[in-house]
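Q: Each chain is listed here by its residues.
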Amino acid sequence: MREMIKMIVVLTVLSVFSGGLLASVRNGTKDKIENQQLQFVKGPAISDILKGASNNPISDRFKLTDAETEISFFVGVFDGEARAVAFESFGKGFGGDLGVMIGVNTKDDKIIGVGVTTHSETPGVGSRAKSDPAFAAQFKGVPLAEEFKVKPDGGQVDAVSGATVTSRAVSAALTDAGRVYQQLKPQLIEKLKSFTK
Amino acid sequence: MAKTIVQEFTKGLWDEIPPFRLVLGLCPTLAVTKTVENGIGMGVAFTFVLLCSNILVSALRKVIPPKVRIACFIIIIATFVTVVELMMQAFTYPLFLKLGIFIPLIVVNCIVLGRAEAFASKKGIVASFADAMGMGIGFTLSLVALGSLREIFGSGTFTLGSMTGAVLSKLGIGTLAFWETPMQVFGPSFQPFKFMIEAPGAFVCLGLMLCIMNLFKK
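These protein sequence lines map, in sequence, to chains A and B.
Position in the first sequence (from 1) plus 1121 gives the number in the numbering used here.
Position in the second sequence (from 1) plus 437 gives the number in the numbering used here.
Any given hint could turn out to be false.
[Stated by the list, open to error] Pairs of lysine-lysine, DSS-like flavour, derived with a Cα cap of 25 Å: (1) A:K1151 / A:K1184; (2) A:K1272 / A:K1231; (3) B:K560 / B:K448; (4) A:K1261 / A:K1172; (5) A:K1153 / B:K607; (6) A:K1127 / B:K559; (7) B:K535 / B:K448; (8) A:K1127 / B:K448; (9) B:K535 / A:K1151; (10) B:K535 / A:K1153; (11) A:K1127 / B:K504.
Worth flagging that the hints you see were computed from the coordinates, not collected in a lab.
Work out the full structure: start from the sequences and follow the hints.
A: Pasting the structure below:
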């Protein structure tokens, strides 16, 4: 009996220390990790979508809260006016969460560019949603308001052949982005005013 | 016959070098030696985990009940591996992406668990520290040796990478940009021996290294 109690106590104390150490390391590195992810994963997507902007969209960014989730918005200044934002939305893909970076022109609510950021899709199949420029190009100029669905589901989105689930995830991410955009648009416009040089 | 502290350290560098003599930890050895950079990264991460794990297990050796010792070792090792993972994401993100799943797999690396069970749970802290340093450096050297062999003949390049490059450039030796770019070892007419980069090539190279080590022993 004494032996059993000793085992339980030792394991519990060890687990408590482990949890505490990991939580504090995570807190300490959270900001650094966010910056690194920004630089290496999302940065290229953002720069590509907001190509031609006269500012640095990665440093010109702000956060807004939508139903308890914090979303980062990256500002694109064109012709001296801050009129484009890029932000990330997520959809459930084949292997996990699929991140999509969407660039929107706030003047006419149209998409200026789309890029898949993080994903766990099948290499060579679903991953083509990220690597195939033709897939992302179909969203340019489309208004970010309506619901996005793939053609097999009755919608307008041309799916990546053989990767319907992945394409659905992208569509779901875009639909959600539309919802977020509509919800936060007044706040977005307000924040953008401060970035117009 | 009891070994001195120095002997505990040096055994990991040759007599009991982990992948080639103890023949442990072969999975990461085969997988991350496509480039020298990956080998160094894995070696450093592994050494950190082994050091922390050995020291903690040795410190707690009188407290850990024998019946649950493996569970305790795993908790300790997994905690340090997660710490390494977070640190790599924070400071060396590109390397973290390159090593991928092999960082979390350090938890089940036979060397770490093996040293905890066979050594750290029985010997004092200083000896465990020396053992871990020796094994860690030995493992890193093995990865660099195998990685060099595979990269030089398989791709014709030699890359020290961004992590080593940052350290070297801070010491004033060369610039980060220089160390980061793969160095072409042979001329442009070199046809890379692609087999070396593939999995079967890894096995063959490992076999070669084991053969060379055995020749030296004789």
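Q: Mind checking the alpha carbons of K1151 (chain A) and K1184 (chain A) for me, to see if they're no more than 25 Å apart?
A: Distance of about 16 Å is within 25 Å: holds.
Q: Against the 25 Å threshold, does the CA-CA distance of K1127 (chain A) and K448 (chain B) hold or violate the hint?
A: 36 Å, violated
Q: For K1153 (chain A) and K607 (chain B), compute the direct alpha-carbon distance and say whether it is at most 25 Å.
A: The hint holds at about 20 Å.
Q: For the pair we were handed, K1127 (chain A) and K559 (chain B), check the Cα-Cα distance against 25 Å.
A: Holds, at about 20 Å.
Q: Next pair to validate is K560 (chain B) with K448 (chain B); report whether the Cα-Cα distance is within 25 Å.
A: Since the Cα atoms of K560 (chain B) and K448 (chain B) sit roughly 16 Å apart, the hinted pair holds (cutoff 25 Å).
Q: Taking 25 Å as the top limit, are the C-alpha atoms of K1261 (chain A) and K1172 (chain A) close enough?
A: 13 Å, holds
Q: Is the straight-line distance between the alpha-carbon of K535 (chain B) and that of K448 (chain B) 25 Å or less?
A: Roughly 31 Å between the alpha carbons, so the hint for K535 (chain B) and K448 (chain B) is violated.
Q: Tell me if the straight-line CA distance from K1127 (chain A) to K504 (chain B) falls inside 25 Å.
A: The given pair, whose Cα atoms are some 11 Å apart, holds under the 25 Å limit.
Q: Are K1272 (chain A) and K1231 (chain A) close enough, with their CA atoms no more than 25 Å apart?
A: Holds: K1272 (chain A) and K1231 (chain A) sit about 20 Å apart, inside 25 Å.
Q: Does K1153 (chain A) lie within 25 Å of K535 (chain B) when you go C-alpha to C-alpha?
A: Given that 25 Å is the threshold and the Cα spacing comes to 19 Å, the pair holds.
Q: Assess, step by step, whether the Cα of K535 (chain B) is no farther than 25 Å from the Cα of K1151 (chain A), and give holds or violated.
A: 20 Å, holds
Violation of the numbered hints given earlier is confined to hints 7, 8; the remaining hints are satisfied by the structure.
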